[in-house]
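K.L.:
Sequence:
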Amino acid sequence: MDHPASTAALLLGVSLGLFAGIALAVARRAWTDYTKTKALLPGMRGVAWTLTRVATTRTGIVLLICLVAVGWAAADRP
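Take the sequence shown: its position 56, counting from 1, is numbered 56 in the numbering used here, and each next residue is one higher.
Worth flagging that the hints you see were computed from the coordinates, not collected in a lab.
Where is the CB? At the ideal position from N, CA and C, for every residue including glycine.
The reader is advised that the hints may include incorrect statements.
[Unchecked claim] The following label-pair restraints were derived from C-beta to C-beta distances:
| # | residue 1 | residue 2 | range |
| --- | --- | --- | --- |
| 1 | Lys38 | Ala75 | 49 to 57 angstroms |
| 2 | Ala27 | Ala69 | 53 to 61 angstroms |
| 3 | Ala9 | Thr32 | 45 to 53 angstroms |
| 4 | Leu41 | Trp72 | 29 to 37 angstroms |
| 5 | Ala27 | Ile65 | 50 to 58 angstroms |
| 6 | Thr35 | Leu11 | 33 to 41 angstroms |
| 7 | Leu12 | Val47 | 49 to 57 angstroms |
| 8 | Leu10 | Pro42 | 47 to 55 angstroms |
| 9 | Gly71 | Asp33 | 30 to 38 angstroms |
| 10 | Pro4 | Asp33 | 38 to 46 angstroms |
The whole structure should be built from the sequences, with the hints applied where relevant.
P.N.:
Below is the structure:
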């Protein structure tokens, strides 16, 4: 260890390279996940709209049944 500055520079370079490599791996994974999710998005939108239609239909049916029940109860009274 004749040159402590070169050892420190080597350790600094290895550390920065390690951190940069990890950051690059995380960024590549994020872009891969983003691309896969973007490709699935039209299918997911279709499922979301289908589930929304089912929910609104069921809500409408329940409201219609409540309206009929109220009307029937009002017509039954003299």
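K.L.:
Provide an ascending list of the numbers of those earlier hints which the structure does not satisfy.
P.N.:
3, 4 and 9
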